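Here the protein sequences come in this chain order: A and B. Just so it is clear: in the first sequence, position 149 is 149 by UniProt numbering, and no numbers are missing. Just so it is clear: in the second sequence, position 91 is 91 by UniProt numbering, and no numbers are missing.
These are computed hints drawn from the structure, not numbers from a lab. It is possible that some hints are incorrect.
[Claimed, not checked] Cross-link-like lysine-lysine pairs, in silico, DSS-like; alpha carbons within 25 Å at most:
no., chain 1, residue 1, chain 2, residue 2
1, B, Lys152, A, Lys138
2, A, Lys130, B, Lys138
3, B, Lys130, A, Lys138
4, B, Lys4, B, Lys40
5, A, Lys46, B, Lys4
6, A, Lys206, A, Lys152
7, A, Lys154, B, Lys46
8, B, Lys154, A, Lys46
9, A, Lys206, A, Lys181
10, B, Lys40, A, Lys152
11, A, Lys46, B, Lys152
12, B, Lys154, A, Lys189
13, B, Lys130, A, Lys152
14, B, Lys138, A, Lys40
15, B, Lys40, A, Lys138
16, B, Lys130, A, Lys130
17, B, Lys40, A, Lys46
18, A, Lys40, B, Lys152
These figures come from a predicted structure and were not determined experimentally.
Take a look at the letters that make up each chain.
Protein chains: 2
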Amino acid sequence: MVVKVYGPHCASTKRVLVCLVEKEIEFEVVPVDVFKGQHKDPEYLKLQPFGVVPVIKDGDFTLYESRAIMRYYAEKYRSQGVELLGRTIEERGLVEQWLEVEAHNFHPPAYNLVIHVLFPQLVGATSDPKVIEESETKLVHVLNIYEERLSKSKYLAGDFFSLADISHIPFLDYIVNNMEKGYLIRDRKSVSAWWDDISSRPSWKKVLQLYRVSI
Amino acid sequence: MVVKVYGPHCASTKRVLVCLVEKEIEFEVVPVDVFKGQHKDPEYLKLQPFGVVPVIKDGDFTLYESRAIMRYYAEKYRSQGVELLGRTIEERGLVEQWLEVEAHNFHPPAYNLVIHVLFPQLVGATSDPKVIEESETKLVHVLNIYEERLSKSKYLAGDFFSLADISHIPFLDYIVNNMEKGYLIRDRKSVSAWWDDISSRPSWKKVLQLYRVSI
Numbered sequence: 001m002v003v004k005v006y007g008p009h010c011a012s013t014k015r016v017l018v019c020l021v022e023k024e025i026e027f028e029v030v031p032v033d034v035f036k037g038q039h040k041d042p043e044y045l046k047l048q049p050f051g052v053v054p055v056i057k058d059g060d061f062t063l064y065e066s067r068a069i070m071r072y073y074a075e076k077y078r079s080q081g082v083e084l085l086g087r088t089i090e091e092r093g094l095v096e097q098w099l100e101v102e103a104h105n106f107h108p109p110a111y112n113l114v115i116h117v118l119f120p121q122l123v124g125a126t127s128d129p130k131v132i133e134e135s136e137t138k139l140v141h142v143l144n145i146y147e148e149r150l151s152k153s154k155y156l157a158g159d160f161f162s163l164a165d166i167s168h169i170p171f172l173d174y175i176v177n178n179m180e181k182g183y184l185i186r187d188r189k190s191v192s193a194w195w196d197d198i199s200s201r202p203s204w205k206k207v208l209q210l211y212r213v214s215i
Numbered sequence: 001m002v003v004k005v006y007g008p009h010c011a012s013t014k015r016v017l018v019c020l021v022e023k024e025i026e027f028e029v030v031p032v033d034v035f036k037g038q039h040k041d042p043e044y045l046k047l048q049p050f051g052v053v054p055v056i057k058d059g060d061f062t063l064y065e066s067r068a069i070m071r072y073y074a075e076k077y078r079s080q081g082v083e084l085l086g087r088t089i090e091e092r093g094l095v096e097q098w099l100e101v102e103a104h105n106f107h108p109p110a111y112n113l114v115i116h117v118l119f120p121q122l123v124g125a126t127s128d129p130k131v132i133e134e135s136e137t138k139l140v141h142v143l144n145i146y147e148e149r150l151s152k153s154k155y156l157a158g159d160f161f162s163l164a165d166i167s168h169i170p171f172l173d174y175i176v177n178n179m180e181k182g183y184l185i186r187d188r189k190s191v192s193a194w195w196d197d198i199s200s201r202p203s204w205k206k207v208l209q210l211y212r213v214s215i
């Protein structure tokens with residue numbers, strides 16, 4: 001069964017796509033144009049009542065929330081492709097910890113930077129300098145903690161690549177390549193080496209090649 | 001090995017404690033007084049570099065982020081106590097989906113209400129009426145979607161109690177019992193019945209009895 005992935009161009013969908021490529025799972029995409037408001041169409045809201053992307057359909061099974069979808073496929077195809085949940089229950093615990101850190105500490109300031117730095121360039125949205133400054137300060141604090149962690153282990157959850165690393169890629173790409181904020185990464189030796197490692201994986205290159213066009 | 005849980009009185013720690021009680025796991029608590037700033041002490045930051053509660057220590061293993069800790073114990077003691085992850089990979093997928101919905105849709109407005117309604121009553125913090133109004137509007141939208149979901153299944157992830165339900169309990173308790181906002185729940189028949197069900201479980205009653213004192 002080919003997995004249908006709704007909304008390929010958004011960052012959170014790219015998180016899912018990288019996971020599917022790493023797990024060697026066949027998929028097809030269903031475009032949802034958020035700039036045209038298609039994520040608020042009644043038909044789409046039947047799939048995802050909160051009106052955000054992504055959603056997957058896999059036969060009769062529907063699932064939303066990008067980090068939940070990643071966990072589902074990493075678990076379902078445990079022995080296929082790259083192992084993304086660690087090998088032991090403790091390793092998985094640490095994958096879960098860093099997935100949560102990504103969601104609650106890294107993502108909010110990174111998202112605010114995208115909204116207030118990148119969006120105004122692309123679609124003429126308004127920008128609030130105070131939000132930019134506060135978000136960057138928060139992100140610096142988070143990345144300093146990452147630097148300490150990544151000076152001791154190659155990846156966030158340990159010496160193995162995992163969902164916790166994948167989950168960071170799309171927004172790190174915006175920061176480094178779309179917003180002239182690359183110094184946030186490059187000023188930190190271990191974070192910089194980690195970014196070079198995870199962003200050079202064939203899975204991310206493939207997703208970028210297919211869906212670079214828009215945010 | 002007895003699990004050490006740091007910071008028993010905060011809402012996010014209570015989430016973990018309910019899980020441990022449901023899984024019949026022995027624990028002891030290590031008080032961390034956030035009102036005295038103990039979560040920013042250098043010794044504590046060695047355990048949790050972001051300076052928030054909870055953290056667990058289980059022998060040599062340290063883990064933070066409440067939802068990650070819950071997942072870890074629900075997985076580690078799969079066959080002990082109440083099954084909290086569903087029985088199939090698809091059921092677990094839905095548990096993960098609703099855990100993510102709790103974290104990203106329910107929690108932010110519920111948290112803002114606590115900060116701007118409950119905290120000012122307790123510790124004299126300032127309150128912003130605009131934030132209260134916006135948060136309540138967001139929460140109404142989320143709870144309307146929950147009402148639709150819970151009119152079709154007994155619990156969020158399906159007809160089985162899970163981590164997704166547990167994760168909501170502490171902040172729902174604030175809303176219903178500490179902030180005179182109970183109408184948000186009581187105005188919705190299925191949400192109200194769900195709340196009565198999950199809040200009457202012995203696990204929550206035990207945690208409340210032990211750690212009701214403060215927020």
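| query | Which numbered conditions among the earlier hints are violated in the structure presented, ordered from lowest to highest? | reply | Failing hints, ascending: 1, 5, 6, 12, 13 and 17.
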